[in-house]
Amino acid sequence: MGDCHYLYGNVATEKRIKFMKQLLEFVGIEGERLRRKWVSSAEAPEFVEEITDFVNTLKALGPSPLKREQKPDQPSAKVAVA
Amino acid sequence: MIEKVIERVKELLEGGEIKGFVGLCNKNGHTAPYLFTEVAELDHLVVGDFQNPGDARYPLNKLLIDLYRAYPEEKFGVLVRGCDERGLNDLYVWNQLTPKNVVAVGIPCPQELADACGCPKPYPDNSVAEPIAEGAEAQDLIRMEALGVKERFTQWMEVFSKCIKCYGCRDICPMCFCKECSLELDELIPRGEMPPEIPIFHLVRAVHMAGRCIDCGLCNEACPVDIPLRTLYKKVGDIVYRKFNYRPGFDKGKSPLNVLENK
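Top to bottom, those sequences are chains A and B.
Under the working numbering, the residues of the first sequence are numbered 1 to 82, in order.
Under the working numbering, the residues of the second sequence are numbered 1001 to 1263, in order.
None of these hints come from the bench; they were simulated from the model.
Any given hint could be a false lead.
Calculated lysine to aspartate or glutamate pairs in the DMTMM-like style (CA-CA distance at most 25 angstroms, straight line) [as the list claims (entries may be wrong)]:
hint: 1; chain 1: B; residue 1: Lys1150; chain 2: A; residue 2: Glu32
hint: 2; chain 1: B; residue 1: Lys1252; chain 2: A; residue 2: Glu14
hint: 3; chain 1: B; residue 1: Lys1100; chain 2: B; residue 2: Glu1112
hint: 4; chain 1: B; residue 1: Lys1100; chain 2: B; residue 2: Asp1140
hint: 5; chain 1: A; residue 1: Lys67; chain 2: B; residue 2: Glu1074
Distance ranges between label pairs, derived from CB positions [as the list claims (entries may be wrong)]:
hint: 6; chain 1: A; residue 1: Val39; chain 2: B; residue 2: Asp1186; range: 30 to 36 angstroms
hint: 7; chain 1: B; residue 1: Ile1142; chain 2: A; residue 2: Pro63; range: 36 to 42 angstroms
hint: 8; chain 1: A; residue 1: Leu7; chain 2: B; residue 2: Cys1181; range: 24 to 30 angstroms
hint: 9; chain 1: A; residue 1: Pro45; chain 2: B; residue 2: Cys1181; range: 40 to 46 angstroms
hint: 10; chain 1: A; residue 1: Val39; chain 2: B; residue 2: Lys1254; range: 56 to 62 angstroms
Being a predicted model, the structure only gives us computed values, none of them experimental.
Glycine included, each C-beta is placed from N, C-alpha and C at the ideal position.
Construct the complete structure from the given sequences, taking the supplied hints into account.
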């Protein structure tokens, strides 16, 4: 922490993600759909591993509840939740 | 209680301590916010309650911000309840007001209103009278938290989908003082699209209330389609308190979400 290219970027992110996970849970969207992991640009294998794991988690959770709320004429929901 | 308020305001106006008093005025059967500048006008001053608690509550602090921006050198008085006082404290933190320009004249809320609001502190520290009610639990929040994640989703989506994008919640909010608002950014909230995309419209506002909402509940009262916004922002406040041990309006210092140090 604090060792971020964007100075305090990771500190701010850490706080926001902590907060956001709980807010999502409260409005009925599983907190596991939001994930934060620190990976440097030189750590490709870690990145791949993390994303694979995230995809598996999401597959286990099933489609996002927001999908059902989507209108058919909208190509994708513009939300920051996977 | 009203006599005590009038007495105090009279004292402040006559003594020349304040330029004017932002309070509530009843004329022709209507109650509205008003800037009292003459002692003679004080006959029309009311504190808002007639038959029921909270008959008339207005974001008087919001008017105070406008006055402060127009007359930064002058000092004004303002009528405050417990929530309004929390609002003042938080507005000082956000540099939207300075304590040296404000004289708060406080009134305690009745228990009935405190219970309806689930208010943590239904009385201001700076009050013309002793507290007449105790802090109440937020029953709405407790009820909502008891539900399962799927049920909460259904309930929230149902109420969010009623939104007519009137911006009433933002416009009445005493803590919404930004000159530019994310809810008007085309990239986030496309203009002319009705209803607004849910839940993103409401979540954007909820996130911006983190470390800022003082739980006055005016948004809830203003909403024409009865979205339980207060419950949502109560949760926001609850998360910030649990995770960061910070309560806007109670704690001095900036919101942890706005402090860029590793705390």
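Structure-based check of each hint:
{"no.": "1", "hint": "B/Lys1150 / A/Glu32", "result": "holds (14 angstroms)"}
{"no.": "2", "hint": "B/Lys1252 / A/Glu14", "result": "holds (23 angstroms)"}
{"no.": "3", "hint": "B/Lys1100 / B/Glu1112", "result": "violated (33 angstroms)"}
{"no.": "4", "hint": "B/Lys1100 / B/Asp1140", "result": "violated (37 angstroms)"}
{"no.": "5", "hint": "A/Lys67 / B/Glu1074", "result": "violated (54 angstroms)"}
{"no.": "6", "hint": "A/Val39 / B/Asp1186: 30 to 36 angstroms", "result": "holds (32 angstroms)"}
{"no.": "7", "hint": "B/Ile1142 / A/Pro63: 36 to 42 angstroms", "result": "violated (30 angstroms)"}
{"no.": "8", "hint": "A/Leu7 / B/Cys1181: 24 to 30 angstroms", "result": "holds (26 angstroms)"}
{"no.": "9", "hint": "A/Pro45 / B/Cys1181: 40 to 46 angstroms", "result": "holds (43 angstroms)"}
{"no.": "10", "hint": "A/Val39 / B/Lys1254: 56 to 62 angstroms", "result": "violated (30 angstroms)"}
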